[in-house]
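Colleague: As given, the protein sequences belong to chains A and B, one line each in that order.
All residue numbers for the first sequence refer to my numbering, where the first residue is 1 and numbers rise by one.
All residue numbers for the second sequence refer to my numbering, where the first residue is 1001 and numbers rise by one.
Keep in mind the hints are simulated off the structure, nothing from the lab.
Only a predicted model underlies this, so the values are computations on that prediction, with no experimental measurement involved.
One or more hints might be untrue.
If the Cβ cut is set under 8 Å, some of the chain B residues that face chain A in the computed set are [unchecked claim]:
id, residue
1, Val1080
2, Met1082
3, Pro1084
4, Ala1087
5, Ile1088
6, Leu1090
7, Val1091
8, Ser1096
9, Leu1097
10, Thr1102
11, Ala1103
12, Leu1104
13, Asn1105
14, Ala1108
Anything over 12 Å on all C-beta distances counts as not near chain A; from chain B, calculated [unchecked claim]:
id, residue
15, Glu1024
16, Leu1029
17, Arg1043
Ideal Cβ positions, reconstructed from N, Cα and C, are used throughout, including at glycine.
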Amino acid sequence: MNRLASRLPAIVEQHQREILAEWVRLQLESGNWRAGRLQESQLRDESQKFIGLLAGTLQNTVQFDARNAQWAELREFLSELSRSRATQGFSPSQVATFVFSLKQPIFGRLRLALAKEPEALADAMWEINTLLDALGLYTTEVYQQAREAVISRQQEELIELSTPVVELWPGILALPLIGTLDSERTQVVMETLLQRLVATGSSIAVIDITGVPTVDTLVAQHLLKTVSAAQLMGADCIISGIRPQIAQTIVHLGIDLSAVATKASLSDAFALALKRRGLAVTSSTAAARG
Amino acid sequence: MDRVPILRLGDCLLVTVQVDMHDELAMSLQDDLTNKIVATKARGVLIDISALEMVDSFIGRMLGNIASMSRILDAQTVVVGMQPAVAITLVELGLSLPGIRTALNVDAGLALLRRALDRGDEGGYVD
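Pulled out of the complex, with its shape left as it was, chain A reads as follows:
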């Protein structure tokens, strides 16, 4: 069947102002927009811009395709909108509703304009329906991407923040570990520690696990790997901050830590490190009295 060209673009173009007025009225009535920090004037501007872009693009094509350059402008606008709504505290479904809510005014307008041509009406309805669905889903996708970007950035920051290597004494480094050790973090910890060993020329590293909530076989394996790597480079490691429960867990799991010096507290480990380097801390008052 050789169908006539779609009537949708012409109708949207022609009744753009009425559709916009109706749409804004519906949105304001629904109260959906109040969920976030959005001004009424901004809602009007955005609605106007969206419908303008939509009407313009419809002149060229009625099939949404995210990769098609014809949709670039509208896509750009929606991405921007989605991101700003995300920061304003809207939920993804509320962002998508912004697009979906346009259906009602357009359907109403189509029904009036094509009242005598049921076939053309059905076609136009179908077109606008598919199109707005695709655009609505697109906003959700962008919203999700924006959230994921935030999450991954925070994850990176967390990893960087959580691996400080401090110099306790010339030649003695300490690595206070806080939080759960997973493979990725251990990799960063290992690299940071080894690089600092080279940079400072330190021969002893104290790994303090006071802040590590649980030690399982995997964590222990990660620790032992770090210790072996440091030993290969010519540095000794001392593991400190082993809490009573963790000592029990280690033994119950049958983990062999006998290759590494272990101490209950950081100060004990520091004392051992000083001893290995041939240093001692003495009381100056005692010396003065003596």
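Following the hints, complete the assembly by docking chain B onto the known chain A.
Modeller: Only chain B this time, still in chain A's reference frame:
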């Protein structure tokens, strides 16, 4: 063909690996070093691998072999200046080079060797 230079330092030998080791170079180093230990009656061998940025399991095993051969010839081996990336790779490969002493740099390695020789260790087992 390029060779790895072996320098004499008192009763020790200093091997500085300055290019990426390929297998052939590693084999010729084993030959050269064992010959040199015998010829100079060296008591210690320092292998500086600070310029080495990549290792594979073969090179890792080769380092272990060199240490074992030196031990048989009554010389102690210290590997110095291993890069972090190399250390991580070796650990991941499961090669923790047992029986090899390591030090951060040539200075520390030489001091370690000197102490060990002064103690009169019998080239052999590392505790």
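Colleague: All hints are to be evaluated individually against the structure, with a verdict given for each.
Modeller: Outcome of the hint check:
{"no.": "1", "hint": "Val1080", "in the structure": "holds (6 Å)"}
{"no.": "2", "hint": "Met1082", "in the structure": "holds (5 Å)"}
{"no.": "3", "hint": "Pro1084", "in the structure": "holds (3 Å)"}
{"no.": "4", "hint": "Ala1087", "in the structure": "holds (4 Å)"}
{"no.": "5", "hint": "Ile1088", "in the structure": "holds (5 Å)"}
{"no.": "6", "hint": "Leu1090", "in the structure": "holds (6 Å)"}
{"no.": "7", "hint": "Val1091", "in the structure": "holds (5 Å)"}
{"no.": "8", "hint": "Ser1096", "in the structure": "holds (5 Å)"}
{"no.": "9", "hint": "Leu1097", "in the structure": "holds (6 Å)"}
{"no.": "10", "hint": "Thr1102", "in the structure": "holds (4 Å)"}
{"no.": "11", "hint": "Ala1103", "in the structure": "holds (4 Å)"}
{"no.": "12", "hint": "Leu1104", "in the structure": "holds (4 Å)"}
{"no.": "13", "hint": "Asn1105", "in the structure": "holds (7 Å)"}
{"no.": "14", "hint": "Ala1108", "in the structure": "holds (6 Å)"}
{"no.": "15", "hint": "Glu1024", "in the structure": "holds (25 Å)"}
{"no.": "16", "hint": "Leu1029", "in the structure": "holds (19 Å)"}
{"no.": "17", "hint": "Arg1043", "in the structure": "holds (20 Å)"}
In this structure, every one of the numbered hints holds.
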